[in-house]
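Asks: Each chain, letter by letter, is given below.
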Amino acid sequence: MTAGEEMHALVERLYPLCRSITGDGVRRTLEIVSEYLPLETFEVPTGTEVFDWTVPQEWNIRDAYIADASGRRVVDFRESNLHVVGYSTPVDARMTLEQLRPHLHTLPEQPSLVPYRTSYYSPSWGFCLAQEALDRLPDGEYDVRIDSTVDDGQLTYAEHVVPGQVTDEVIVSCHTCHPSLANDNLAGIAVAAFLARELKNPWYTYRFLFMPGTIGAITWLSRNAERIDKVKHGLVLACAGDSGQLTYKKSRRGDAEIDRVLQYVLRGRTHEVVEFSPYGYDERQFCSPGFNLGVGSLSRTPYARYPEYHTSGDNPAFVLPEAMEDTLAVCRDAFAVLDRNRRYLNLSPYGEPQLGKRGLYDSLGGRSDAKQAQLAMLWVLNLADGEHSLLDVAERSGLPFDSVAGAAHALHRAELIKE
Amino acid sequence: MTAGEEMHALVERLYPLCRSITGDGVRRTLEIVSEYLPLETFEVPTGTEVFDWTVPQEWNIRDAYIADASGRRVVDFRESNLHVVGYSTPVDARMTLEQLRPHLHTLPEQPSLVPYRTSYYSPSWGFCLAQEALDRLPDGEYDVRIDSTVDDGQLTYAEHVVPGQVTDEVIVSCHTCHPSLANDNLAGIAVAAFLARELKNPWYTYRFLFMPGTIGAITWLSRNAERIDKVKHGLVLACAGDSGQLTYKKSRRGDAEIDRVLQYVLRGRTHEVVEFSPYGYDERQFCSPGFNLGVGSLSRTPYARYPEYHTSGDNPAFVLPEAMEDTLAVCRDAFAVLDRNRRYLNLSPYGEPQLGKRGLYDSLGGRSDAKQAQLAMLWVLNLADGEHSLLDVAERSGLPFDSVAGAAHALHRAELIKE
Amino acid sequence: MTAGEEMHALVERLYPLCRSITGDGVRRTLEIVSEYLPLETFEVPTGTEVFDWTVPQEWNIRDAYIADASGRRVVDFRESNLHVVGYSTPVDARMTLEQLRPHLHTLPEQPSLVPYRTSYYSPSWGFCLAQEALDRLPDGEYDVRIDSTVDDGQLTYAEHVVPGQVTDEVIVSCHTCHPSLANDNLAGIAVAAFLARELKNPWYTYRFLFMPGTIGAITWLSRNAERIDKVKHGLVLACAGDSGQLTYKKSRRGDAEIDRVLQYVLRGRTHEVVEFSPYGYDERQFCSPGFNLGVGSLSRTPYARYPEYHTSGDNPAFVLPEAMEDTLAVCRDAFAVLDRNRRYLNLSPYGEPQLGKRGLYDSLGGRSDAKQAQLAMLWVLNLADGEHSLLDVAERSGLPFDSVAGAAHALHRAELIKE
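Each protein sequence line maps, in turn, to chains A, B and C.
Numbering-wise (this note's numbering), the first sequence opens with residue 104 and increments by one.
Numbering-wise (this note's numbering), the second sequence opens with residue 104 and increments by one.
Numbering-wise (this note's numbering), the third sequence opens with residue 104 and increments by one.
Okay, chain A solo, but in the shape it has when bound (with noise of 0.2 angstroms):
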């Protein structure tokens, strides 16, 4: 099996549990995940106080339906869990079509993909269905029934770390509050799983981050505060495995260090960069003006722009193992890159130092091709004044990062730059 197969196999098993910002569907959702990578879990008590929010209570749910009078499911739970609007209420009660339809929603426009609605901090109940599957309800009375509970309880999010050399951060976040959606984010679940399990001994400290959205972001940032000052870089993974052209949504500083590597690494792909805006994933959050990190985004197509955006057209045939595959292989490159990405000082500033003597330049002079490899020592012996990091060396010479990284080992093992 393809790594992009095996990531597939997980999103199809991740599939069907119906997930919200809280409650026993997460917690199924990372134990399967914890079979694939090491997780640690935290649970945070309703009611705790995070920034201006509060931790909800907590919302399961056994079952739902409308059933006709003679008793048949015309919309039912077991079928999809998108059929019940998250964090409904309670019901139980027979009441006409007429009665029930305020509490139905459906895409006209698509009429035969159920949509995904959500009413977490408003007390309401709902069913979602298509509108081809509205049209043929006959008027009449329906038993409708939601089996749920909204009590007091927890939210749980999880944190897999990988250690670095130091312990300036990176964090890779991925949203685990929507229910049977597959690019969005069981996608990007995997790609998250997949790329933490192949970090060996970085530089930076990785911390991957599953968590609901919005109010998971809040609630980590909010128990981290004292620590934030430690991330220094992150990416947010979403709708990481549609058949789209990757998407990189810069962090709102534009000109982070993770912006510039994501940009470096994409070059050469067909790809769009778009900027910054407080609309998407939980950017918003590490973008908040108190916190400004260096976070941003990467998808394939971003949210909103498929038609199976949050419908029941976002299941796992909308997602291809090749797509989740060459997400992952971009995270690893710009992971590589960045981890390597950094500020030397040239030893021996004034002039060239006298590379020759060192078995470091070719002894031959006169010849009209410099090779790639002494070129680079050169960039980098020019550029290590402190301000200029390999990866502005790359851009600036032209040179592949590889090279450059490459030449900058070479020089820091022949003493001639310091970090």
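Read the hints as simulated data drawn from the structure, not as lab findings.
Among the hints, a few may not be true.
Label pairs and their in silico Cβ distance ranges [unchecked claim]: (1) C:R516 to B:T373: 41 to 47 angstroms; (2) A:G462 to C:A196: 25 to 31 angstroms; (3) A:D495 to C:R370: 26 to 32 angstroms.
Among the chain A residues that face chain C by a calculated CB cut under 7 angstroms, a handful are [what the hints assert, rightly or not]: (4) N449; (5) S451; (6) P452; (7) Y453; (8) G454; (9) P456; (10) Q457; (11) G459; (12) L481; (13) W482; (14) N485; (15) D488.
Part of the chain B face toward chain C, derived, beta carbon under 8 angstroms [to be verified]: (16) W156; (17) A320; (18) Y382; (19) R387; (20) Q388.
Don't be surprised by glycine CBs; every beta carbon is placed ideally from N, CA and C.
Given chain A, work out where chains B and C should sit, using these hints.
Replies: Only chains B and C this time, still in chain A's reference frame:
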């Protein structure tokens, strides 16, 4: 009558008056304007030192002509005050055409037009006439008479102030020193007067200045030197009524707030933006290096770019009611943006505040379309860091300034942001 | 004889000499140049520590050849000094062609040309020859002889200083270490010498440096370290005579004054501007991070970009009198701008000063054309804030630098601006 027609009627009333940098023509002009707008008039005595300059003697003229042997006036001030060089000293002489020629000014390349000439600071006299008229003059003797006085007196200018909620000021300036030239600058005077009438309870204090070019602006700056640091923004209005497209000339700073506001408001219209140059109207003085104020200039076709410029062709027919109305509309829009363009501080900057609990957010989540008003709130919150103005928010978000300002208003009322 | 023809004659005289980074060929070269331009020559002993380097032993060569069994020289130093690898150690041996091959250098892709090779810091010997010549050599035994010495001695370089009104310096540097190569760099030497002769009573002190590449520049920098902060600008001249268009390579800073001046002067010519790279000529040393001087490089076709580069094809016929004259003209124009490019302070910065009372302004106002000289004065006054140079004024106004400098001169004389 439309506002454009009213402004045009004002231009026509002012047109016959013989204005200059001093004198009764200016006083009469300000009297007529004060029928539309209360003005405070200032008289500054001849000899007053104003920076590097001295207020000159006052010039007044009652009559002037060149008459042929039969007594027929071949050049007649009563027909057009352009016929006399501004500040001409008195003359009463008989001379041959040959003797007269050095005192006659024409436009050989525009033979039917009378040029506009002045000699403020170098005592001299002369007549301006059409080349065609000059060509028709037979040799022979002429009676030459200019019934003018150049005596100690006053320089006259006027102000109209619209008090704002703050004492920081916006100045709007137009030159009043040109005689029978309609676009340059009776149209500017008319637009300034009608603009001033419209302003109700603005944020800034708006000061409208009606004063002669160069010496007037220098006099005003000299007499108000201690208050100049209150002047935050300004606009010079000139050539405001011809049929050409609008032209905004940036302040010397090039990125002053007024520059950004005018460019923002002009987007979507055919218009031109030109860089600052130290030639033109009183932006030259406001943008001299000792002041370097954020003062730009709004014209339609700029000075010296239309063939009628500084000739008898710049008459009321050259000025269109619709054009003046359009200039007025852009000024109105610009000041509406400028007046609300403030910087805010997010009082809940760590993550997003919970808009829902304040009734500011749609409670039913998961919908794929975000409403503009909610987007505007998220943008304002995200950029409310004390560094970004609402215009920055509008430009960065692509949302209309009105939406952004409305969002700021709602958030301010909800005590989520402060100024 | 035109200046171009004179420079070409100098190139032809210098061409046969066997130059290297040290030795009598360099000394003889400087003697010939000193017939055109007084030079102060410096001799730096072998073993002198110069930053990370050590001045090497001196190399001299009297004769060298490969002779066949009949005694016929099949490769002969007397025909071209390119035939011997620079710094070849002495050899006197009989060997087979097979034994000889590792010491023979050719250009298989340019079979008729002799390459240029050196081995300064790694003791070795070798011959360079045309691939065609090598192909014609029969197997068998050859007498191989290089009559050279590599002994303690001196490194030789020279300076010519044109004293200026200030002690701040402009350096003009050209490398003197290449043997029979005409464009690289006899043309540069010739242009530098003729440029130096022309400079009369400049503002800056101009220091012309004739020295071997790399080690020469490093030696000079090392011996003049305490004076380097006097070096405000500089230009490296190389490949100054081929038929290609001019190429300006920016300093490492990228926006140094010399960079702006050269770009300004080159406007309107076909030319190329390239970014700094730490490969090329002695700009590598002047722009090393410890110095980071404002030193650019002017060439026609840059090094390694023409097929004759570092081969016997770079002979006097490759260099054109008109091309050297054109390079000279651009240098002359550039230094004429650089030398006058100063910052002024407006002594009457509040509003415009009254130019008319100082005889600097046309007294008859109202004319629609502003004379260039008057415009230039207004621009200089407006930007005379201590921050803008006259080149800034020229670029921003679009007026010719000469007009701007003339206006500054007039305003300075009128005591309206000061330096």
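Asks: Holds or violated: Q457 (chain A) as interface residue toward chain C, Cβ cutoff 7 angstroms?
Replies: holds, 5 angstroms
Asks: Hint check: is the beta carbon of R387 (chain B) less than 8 angstroms from a beta carbon of chain C?
Replies: Hint on R387 (chain B): holds, closest Cβ of chain C at ~6 angstroms, below 8 angstroms.
Asks: Tell me if Q388 (chain B) is really an interface residue toward chain C, meaning its C-beta lies closer than 8 angstroms to one of theirs.
Replies: It holds, given that the least Cβ distance between Q388 (chain B) and chain C is near 4 angstroms, below 8 angstroms.
Asks: Evaluate the given range 26 to 32 angstroms for the C-beta pair formed by D495 (chain A) and R370 (chain C).
Replies: Taking Cβ atoms as reference, D495 (chain A) and R370 (chain C) lie about 29 angstroms apart, which means the hint holds.
Asks: With 8 angstroms as the cut and Cβ atoms as the points, is W156 (chain B) at the interface with chain C?
Replies: holds, 5 angstroms
Asks: Per the CB criterion, is G459 (chain A) less than 7 angstroms away from chain C?
Replies: holds, 5 angstroms
Asks: Any CB of chain C closer than 7 angstroms to the CB of P456 (chain A)?
Replies: The hint holds - P456 (chain A) has a Cβ within 7 angstroms of chain C, the shortest such distance being about 4 angstroms.
Asks: With 7 angstroms as the cut and Cβ atoms as the points, is N449 (chain A) at the interface with chain C?
Replies: Given a least distance of 5 angstroms, the restraint on N449 (chain A) holds.
Asks: Please check whether W482 (chain A) passes as an interface residue: C-beta within 7 angstroms of a C-beta belonging to chain C.
Replies: holds, 6 angstroms
Asks: Quick check on a hinted range of 25 to 31 angstroms for G462 (chain A) and A196 (chain C), using CB atoms only.
Replies: Holds: the Cβ-Cβ distance is about 28 angstroms, inside 25 to 31 angstroms.
Asks: Given D488 (chain A) as an interface hint, is its Cβ closer than 7 angstroms to any Cβ of chain C?
Replies: holds, 4 angstroms
Asks: Is the interface hint satisfied for L481 (chain A)? The criterion is a beta-carbon contact with chain C at less than 7 angstroms.
Replies: holds, 4 angstroms
Taken one by one, the earlier hints all hold for this structure without exception.
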